[in-house]
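**Student:** Sequences are here, hints too, so could you generate the full structure?
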Amino acid sequence: MSRIDPEFSSEIKKYGAKDFSACFNCGNCTGVCGLTDKNANFPRMFIRQGMLGQKEEILQSKELWLCYACGDCSETCPRQAGPGDYMAAMRRYAIASYEPTGLTKLMFKSNPGFIVLTFFLAILLGFFLFTLKPGHEVSRWLFSILPYAVIHNMGLVIFSLTGLSVAWGVIAMTLKLSKTVDNNEKSKGNWWSSLLMVGNEIATMNRYKTCDEDEDSFWKEKHWFQQPWFVHWSIMWGFIGLLVATVLDFILKDPATQIWWPSRILGTIAGLLLVYGTSLAINYRLKKVTKAYSETRLADWIFLFFLWIAGITGFWLEVSVALNANYLFNHIVLLIHTIISMELVLLFAFSKFAHAVYRPLALFFYFRKGQEAKK
Amino acid sequence: MENKQKKERIGVYICHCGGNISDYVDVAQIKDIVKKEEGVIVSKNVMFACADSNQKEMIKDIEDEKLDAVVVASCSPKLHLHTFRNVALRGGINPYNYTQVNIREQCSWAHSDTPGEATVKAAGLIRAGIKKVSFSEALENIEVSSTRAVVVIGGGISGMRAAIDLAKMGNQVYLIEKEKTLGGHVAKWGELYITDQTGKDIIAALIKDIKRLTNITVFTLATVEKVSGSIGNFIVDVKIGAEILNLKSGAILVTTGFDSYIPKEGEFGYQNYPSVIALPEFRELIDNSKETLVYNNRKVNSIAYIYCVGMMQTKGENKYCSRVCCTTAIHNSLIVHEKFKNIQAYHLYRDIRTYGKQEILYERSSKNGDIYLKYEEKNPPVVENFGNKLLIKVKDELTKRQDMELEADLVVLVTGMVPRSDSKQVSALLKIPIGNDRFFNEIHPKLRPVETVINGVFIGGSCQGPKNISESVQSSLSAAVKINALTKNPTIFLEPIIARINFETCVWCGKCAEVCEYDAIHPLEMYGKTIASMNEAVCKGCGMCAPVCPVDAIDMAQYSNNEIEGMIDGFLEKVELETGEGTASQGEGEEGNTMKDMPQIWRQLAACLEKDSKTIPALAKELHLNPKLVTYHLMTMNKYSLVEADGLDDSDEYYAYKLKNLHHVEN
Amino acid sequence: MESKNTRPKILVFSTDKISDPGIDQAGLRKIHYSPAVYVISLPCSSGIKPRWILHALKQGFDGVFIAADGHECSYSPKCPELTNQIIEESQQLMKENGISPKRIRMAAICSVCAEPFASHMANFTKILAELE
Numbered sequence: 001m002s003r004i005d006p007e008f009s010s011e012i013k014k015y016g017a018k019d020f021s022a023c024f025n026c027g028n029c030t031g032v033c034g035l036t037d038k039n040a041n042f043p044r045m046f047i048r049q050g051m052l053g054q055k056e057e058i059l060q061s062k063e064l065w066l067c068y069a070c071g072d073c074s075e076t077c078p079r080q081a082g083p084g085d086y087m088a089a090m091r092r093y094a095i096a097s098y099e100p101t102g103l104t105k106l107m108f109k110s111n112p113g114f115i116v117l118t119f120f121l122a123i124l125l126g127f128f129l130f131t132l133k134p135g136h137e138v139s140r141w142l143f144s145i146l147p148y149a150v151i152h153n154m155g156l157v158i159f160s161l162t163g164l165s166v167a168w169g170v171i172a173m174t175l176k177l178s179k180t181v182d183n184n185e186k187s188k189g190n191w192w193s194s195l196l197m198v199g200n201e202i203a204t205m206n207r208y209k210t211c212d213e214d215e216d217s218f219w220k221e222k223h224w225f226q227q228p229w230f231v232h233w234s235i236m237w238g239f240i241g242l243l244v245a246t247v248l249d250f251i252l253k254d255p256a257t258q259i260w261w262p263s264r265i266l267g268t269i270a271g272l273l274l275v276y277g278t279s280l281a282i283n284y285r286l287k288k289v290t291k292a293y294s295e296t297r298l299a300d301w302i303f304l305f306f307l308w309i310a311g312i313t314g315f316w317l318e319v320s321v322a323l324n325a326n327y328l329f330n331h332i333v334l335l336i337h338t339i340i341s342m343e344l345v346l347l348f349a350f351s352k353f354a355h356a357v358y359r360p361l362a363l364f365f366y367f368r369k370g371q372e373a374k375k
Numbered sequence: 001m002e003n004k005q006k007k008e009r010i011g012v013y014i015c016h017c018g019g020n021i022s023d024y025v026d027v028a029q030i031k032d033i034v035k036k037e038e039g040v041i042v043s044k045n046v047m048f049a050c051a052d053s054n055q056k057e058m059i060k061d062i063e064d065e066k067l068d069a070v071v072v073a074s075c076s077p078k079l080h081l082h083t084f085r086n087v088a089l090r091g092g093i094n095p096y097n098y099t100q101v102n103i104r105e106q107c108s109w110a111h112s113d114t115p116g117e118a119t120v121k122a123a124g125l126i127r128a129g130i131k132k133v134s135f136s137e138a139l140e141n142i143e144v145s146s147t148r149a150v151v152v153i154g155g156g157i158s159g160m161r162a163a164i165d166l167a168k169m170g171n172q173v174y175l176i177e178k179e180k181t182l183g184g185h186v187a188k189w190g191e192l193y194i195t196d197q198t199g200k201d202i203i204a205a206l207i208k209d210i211k212r213l214t215n216i217t218v219f220t221l222a223t224v225e226k227v228s229g230s231i232g233n234f235i236v237d238v239k240i241g242a243e244i245l246n247l248k249s250g251a252i253l254v255t256t257g258f259d260s261y262i263p264k265e266g267e268f269g270y271q272n273y274p275s276v277i278a279l280p281e282f283r284e285l286i287d288n289s290k291e292t293l294v295y296n297n298r299k300v301n302s303i304a305y306i307y308c309v310g311m312m313q314t315k316g317e318n319k320y321c322s323r324v325c326c327t328t329a330i331h332n333s334l335i336v337h338e339k340f341k342n343i344q345a346y347h348l349y350r351d352i353r354t355y356g357k358q359e360i361l362y363e364r365s366s367k368n369g370d371i372y373l374k375y376e377e378k379n380p381p382v383v384e385n386f387g388n389k390l391l392i393k394v395k396d397e398l399t400k401r402q403d404m405e406l407e408a409d410l411v412v413l414v415t416g417m418v419p420r421s422d423s424k425q426v427s428a429l430l431k432i433p434i435g436n437d438r439f440f441n442e443i444h445p446k447l448r449p450v451e452t453v454i455n456g457v458f459i460g461g462s463c464q465g466p467k468n469i470s471e472s473v474q475s476s477l478s479a480a481v482k483i484n485a486l487t488k489n490p491t492i493f494l495e496p497i498i499a500r501i502n503f504e505t506c507v508w509c510g511k512c513a514e515v516c517e518y519d520a521i522h523p524l525e526m527y528g529k530t531i532a533s534m535n536e537a538v539c540k541g542c543g544m545c546a547p548v549c550p551v552d553a554i555d556m557a558q559y560s561n562n563e564i565e566g567m568i569d570g571f572l573e574k575v576e577l578e579t580g581e582g583t584a585s586q587g588e589g590e591e592g593n594t595m596k597d598m599p600q601i602w603r604q605l606a607a608c609l610e611k612d613s614k615t616i617p618a619l620a621k622e623l624h625l626n627p628k629l630v631t632y633h634l635m636t637m638n639k640y641s642l643v644e645a646d647g648l649d650d651s652d653e654y655y656a657y658k659l660k661n662l663h664h665v666e667n
Numbered sequence: 001m002e003s004k005n006t007r008p009k010i011l012v013f014s015t016d017k018i019s020d021p022g023i024d025q026a027g028l029r030k031i032h033y034s035p036a037v038y039v040i041s042l043p044c045s046s047g048i049k050p051r052w053i054l055h056a057l058k059q060g061f062d063g064v065f066i067a068a069d070g071h072e073c074s075y076s077p078k079c080p081e082l083t084n085q086i087i088e089e090s091q092q093l094m095k096e097n098g099i100s101p102k103r104i105r106m107a108a109i110c111s112v113c114a115e116p117f118a119s120h121m122a123n124f125t126k127i128l129a130e131l132e
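Protein chains in written order, with the numbering used here: chain A, 1 to 375; chain B, 1 to 667; chain C, 1 to 132.
Simulated from the structure, these hints should not be mistaken for lab results.
Don't take each hint at face value.
Covered by chain B, according to a simulated footprint, are these stretches of chain C (three or more residues, beta-carbon under 8 Å) [to be verified]:
1. 6–20
2. 26–36
3. 48–61
4. 64–76
Computed beta-carbon distance windows for the label pairs [to be verified]:
5. A/T76 / B/R364: 55 to 61 Å
6. A/F24 / B/R401: 17 to 23 Å
7. A/N28 / B/D422: 45 to 51 Å
8. A/T76 / B/S421: 46 to 52 Å
9. C/K102 / A/K38: 50 to 56 Å
10. C/E88 / B/L221: 25 to 31 Å
11. B/I240 / C/H71: 36 to 42 Å
All C-beta atoms, glycine included, are put in the ideal place defined by N, C-alpha and C.
**Tutor:** What follows is the structure in structure tokens.
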């Protein structure tokens, strides 16, 4: 027995769900979606659950994360109820719910809150960075108030907060998702092969490709390197590549000036991919090429924009270092690059970025369930 | 039963139907077989029996050969029975001494796979037709004088609207209403869908119109006690208080309307919980409330509407969908949303049927955030007490059949239309048949939707079945026009195909009167004994009384024992076909494909088209004819598949025509 | 020709407003049935006299089929009941004359029941052929 909660509709509206109450449950959205199957029934059921206020059912679902927001459902919807945007809104709701601090809620529900928080963090990080360079003017008066150790520790605390929040979110989600699996039948799917399937999806984006290959899809006629799956793939692998390169640099303890070092080469390629992907994504959203790209929330803009800035400034710095151009302007670029990159990491758990952990996790559950069904 | 002697000068016309018949049936042979039949004077093959030229030829034959009966073997009587009855009449023969034999739909087409046997069957069918016509009697239409007055029973919106039109068309109208005031259900309603006018306003305007028309007499607090007489001359006894008036009328319009279904005690908590109310009560509540919706001294913040209450019962007595209730409930919910704000609505439905323009209401309601839950008949919602609210439990079909529960301050049972509690009495008074749904039945829902099997009695509005206001008024106005077509003539002609009683053999057992649905048969003292007498204006000619007569004293006109048994004999007579092949004329060289029997102008046109296709202006020029005349004939030839369009000409202005199915033309 | 003569002859009673148009429809759509089927159309199936049925069977028809209106009959809701009575009475007469009661059949044929009519004829033809 589940109690209907009509108030929930107004709650999810704050996450960007707009016209879903027009839905009359025809199920065209589910029918047209290439990613739905016997084990994955969306978006119709989500709209239903949202209308009736079935929060638990929503948080316990893996299906939410199987959707790549191609927008086919929104194009097909006879009532213009926007099921695609609705799914995105529900993912925001889920991210905000898994994460314990409430920061995500603030950022998704209130644009001013988001902006203030981003600026506040940028300023905080700015100070933090200056203090790392003893001898710098600004740090003096600061040190007289706050000792270096305090700030350093605070930095550690903030980073650990992100890490903890991510961990918490992942655990929260795992617990919720295992509920639905266990409720029905003992999950006996091979977890190792499921994991491989998740890896395969991350590497190839095969499921995402099916979205673009749909019969009358706008993208079918376009080149593969213009298609959304590849845009997504570039951004994702660009970011992962850069992260690996940074870590390698850090391990090698030598911010290598030699460009042919493997970690530098990796960084360059990854950076190119990231800039390519984000540029295309921003372009598509500006031009609103399809319905899926026409609804962009502030959180999406900031996320994309930050990635793009991080990529562009990264290259600028690369070139500056190669030319040994030690000017004030390049110092500012370095500062921006560092602040943006750190914000991306810091806000990881509290932003759209978090889908990077939630989606693979959900896919893992989906594949396990799927294998079980096949038996 | 006059002119009992058999017909002796019969003309038989066997139609090719331009190949439709002659491609499969050897019409030429049949013509020869038929010629040898007893009483047959003329036996002819014709290309198109219905063609004007042939009709003229038939009339000439009737006159020249002094024919006394005619048979046309062609298409189904549904198409041309009346055409040829008229031909017979024009030739001076009684139209009922004409018989149509169906050798197309029920022979050449049905047996196009076996042409030889089709020919044998056609011969049998035609012989049966000849036998039937030889026994046929001349019949005269029954003439009835008519009073130019109409009684309208039921003063709701349907009756009022029809009364106004009938009066304007020149009829004296008696509008009879059981209640104190006119207007019925509509008079109680507020704002209505589409126009936003209130029911009260609409009725007030109609009352004004009625008052202006001097030839409408309104009787309120009046009931119909008895109806006697028949079409043209009904006498309706109306009781007003202690007084009884006898109203003479030519026709009767029944617009007695509907009752709202009243839920049974305990049906979804009705009468168990005060906050469970039916749709009409709810309508009254919202019409009478201002600013806030208060029920039972408590402010209403949420409403659950339960649909199909008492309707669409697979096992109960109301199996039908009342179809107006979905729209009414949703419309009410929209009014509530606008008038009172912030009231959450839940709709527990089985199927939403806001058909036509009303669909927009459903869309608006769901956009308002109304929650729709679909339940199945076998899992109806359960209403329980929950503090000072109600708790409704429902298995929602749209959410994986989950058990859901919701709180509501008010439960509205969306009830539909049921027949009026007194509809049985009305039916008994007027002999209107009642359908399975217990509403009044028309003759045919599509072809004769406002007439009843009782001549002169019409139905309109929701006494016929659930209807919304527009549909009710549409049907009653259509009945008004039908009635006026009837009453505007001082004399009404009725078909003479009715049952007749043989006074000699009748011994009055009363069985015929018992089965008669229309009360047409009554005992009569005559020739020193009691016999059955038939009211000719009332008899519908169904023939139901004939088989029940123990002494076989009843015969239907046109379906007497002689006629039917003669037909049976005709079917069975042996047919000797000359050619062993038995195949019909197929294509070239045969009569069927020549234009010998065609009108001169057709032959001219066909000759012109023989070499290549031509446009109408070109043909007109070539033959020195009026283009209009060419158009007319070419279109007719096209209808009979003699010519067909051959695309536009070079100027893209006219269609060119070419010959079809015709291989050569004989001038 | 010889073999064709062995088709059982069926007399059909149809009704002017409903079942006869249904039978017409079969022809219109060239849905074939046995050419040994002959149709007499009446206003209502409740007006068929048992003596006609007996006459037909005695004179050489192998079977009689009543294409009734069933509950669609516009004359009376009693129509199916009365038609049934007629069939019972006819069967009584047939029994007295040594004719199998299987030679009479009834079904409701609607105004668009072309296929059902053809399949009824095919079935009845088969049954009658087996009776011989």
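**Student:** Broken hints, numbered, in rising order?
**Tutor:** Violated hints (numbers, rising): 5 and 10; every other hint is consistent with the structure.
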